[in-house]
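J.: If you want the building blocks of each chain, they are given just below.
Protein chains: 2
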Amino acid sequence: MISRLSNNECKQLASLKIKKYRVQQQLFLVEGEKLVDEALRSDITVKAIVALEDWWQDKKQLTEKIKCLAASPQQMKQLSQLVTPPPVLAVVQIPVHPLQINDLQHKITIVLENIQDPGNLGTIIRLADWFGIDHVICSNESVEAFNPKVIQSSMGSIFRIKIHYTDLKLFLKEISKLQIPIMGTFLEGENLYTTPLPPIGVLVMGNESKGISPNLAAYIKRKITIPAINPSEQRAESLNVAVATAIVCSEWQRRNHWTT
Amino acid sequence: MISRLSNNECKQLASLKIKKYRVQQQLFLVEGEKLVDEALRSDITVKAIVALEDWWQDKKQLTEKIKCLAASPQQMKQLSQLVTPPPVLAVVQIPVHPLQINDLQHKITIVLENIQDPGNLGTIIRLADWFGIDHVICSNESVEAFNPKVIQSSMGSIFRIKIHYTDLKLFLKEISKLQIPIMGTFLEGENLYTTPLPPIGVLVMGNESKGISPNLAAYIKRKITIPAINPSEQRAESLNVAVATAIVCSEWQRRNHWTT
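Same order as they appear, the protein sequences are chains A and B.
The first sequence begins at 1 in my numbering and counts up by one.
The second sequence begins at 1001 in my numbering and counts up by one.
It should be emphasised that the hints constitute simulated quantities derived from the structure, not laboratory data.
Check each hint, because a few of them may be wrong.
Said to hold, decoys possible - Pairs of lysine to aspartate or glutamate residues, derived as EDC-like cross-links and limited to a Cα-Cα distance of at most 16 Å, are as follows:
{"#": "1", "chain 1": "A", "residue 1": "K34", "chain 2": "B", "residue 2": "D1037"}
{"#": "2", "chain 1": "A", "residue 1": "K149", "chain 2": "B", "residue 2": "D1117"}
{"#": "3", "chain 1": "B", "residue 1": "K1047", "chain 2": "B", "residue 2": "D1037"}
{"#": "4", "chain 1": "B", "residue 1": "K1149", "chain 2": "A", "residue 2": "D117"}
{"#": "5", "chain 1": "B", "residue 1": "K1210", "chain 2": "B", "residue 2": "E1064"}
{"#": "6", "chain 1": "B", "residue 1": "K1065", "chain 2": "B", "residue 2": "D1043"}
Note that the structure is a prediction, hence the values are computed from the model and not measured.
Kindly generate the complete structure, drawing on both the sequences and the hints.
T.: This is how it looks when you write it as structure tokens:
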């Protein structure tokens, strides 16, 4: 059954554009056909689908399983954060994954300290998905993962990757106790391409402008660097954090899967 | 000598926020201490520095070499595209680099077809700089390199990398004639990690959503892919284009410089 989206409901959903209300209601919005489809195919809980009247044609199988709401173009505009409002969006429950440190024992895990740019976080979630990484652990100060820009740039991977927010100092202490290798990238460290890498472990990546804080660096036994070609004052000082994460994960998985 | 920025001059400079006027005047704006400093240290032509009255203290050596303008906070707000206007910005001439195909014979070059996101282009320019790549060749339809978001995300590398806009079909035809190897990334191709790579050549990367067009694919002899771990319907379908470019350049330069 499809019901009309009331103006009150619309107002309540539009409040989810703001982090405070996402946290309060434990809900977020997912915009556009492709992402809504990915949300429906994932394990995530979709609370409702909101779409234009027209969109509901031929969607009978959907209307039996889920709360379906028909919205006016004006209402879609109110709910959307895109320049061109999409015909459909989903109201999704923020997934909660209890962090079990033991689960990380035999895996590659990405740890992010204070990432601020939502595009960077979304891009890292997407590449984690590509490289078979299940968990991304963020410091409590990092940008919120259900920020619409993170969702857009994660391209659906946000529904598959388990994202946790925690105190990274305590987290790395626990990881050390379990003797899981801890790597991190620094401007000065062992050459990524020539240093031995353990097959599993956690990779710590730092804030966009400050890098990894001394606070966390103390726990990082394996400091690695991505060497520049012809480094000089006249070259880039660093790489974008999503790019650096990608390069390390690529080299790591290359050695695990494509060398003999 | 420092002169006051007149309201007329301010209006003219503010027009550089719009692509049409950047193209017309062949000028662009660079915001913030760090980028202005990088512009001054590069080979690029800085036409003027505009800064708040206070900023000009202790900048005597600068005022002898360059046109210096003092602006009010209100004027800086008019000129800036940032949420918090910076204390200083530079008016810079758009560099023109004639494209000499012969110059590319012994080099690694990045070729971008129809990249639309300015953050992606800026990030690719930054990583080109890191990996010792001198030229980035864009299709005429690509986002403009002097868009403020490209400049910000390139982090100063925009002043060092030579960026060209051209008809890529004609360009790849010329490259083929010179027998420079042409690689490109596709969802199906040779495994990047195990396929032999020539030490030099051009790397073609496609549009964010459509990839490389069939039009150009015909020229690409070496089709490569970055293999996913456990690919399945439940994994990311692709990688962000800047991330994919970084992974290929990293693997390429690893083989050129860090293997025996």
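J.: Now, for every hint given, state plainly whether the structure supports it.
T.: Each hint tested on the structure:
no. : hint                : in the structure
1   : A/K34 <-> B/D1037   : violated, 43 Å
2   : A/K149 <-> B/D1117  : holds, 13 Å
3   : B/K1047 <-> B/D1037 : holds, 14 Å
4   : B/K1149 <-> A/D117  : holds, 13 Å
5   : B/K1210 <-> B/E1064 : violated, 50 Å
6   : B/K1065 <-> B/D1043 : holds, 14 Å
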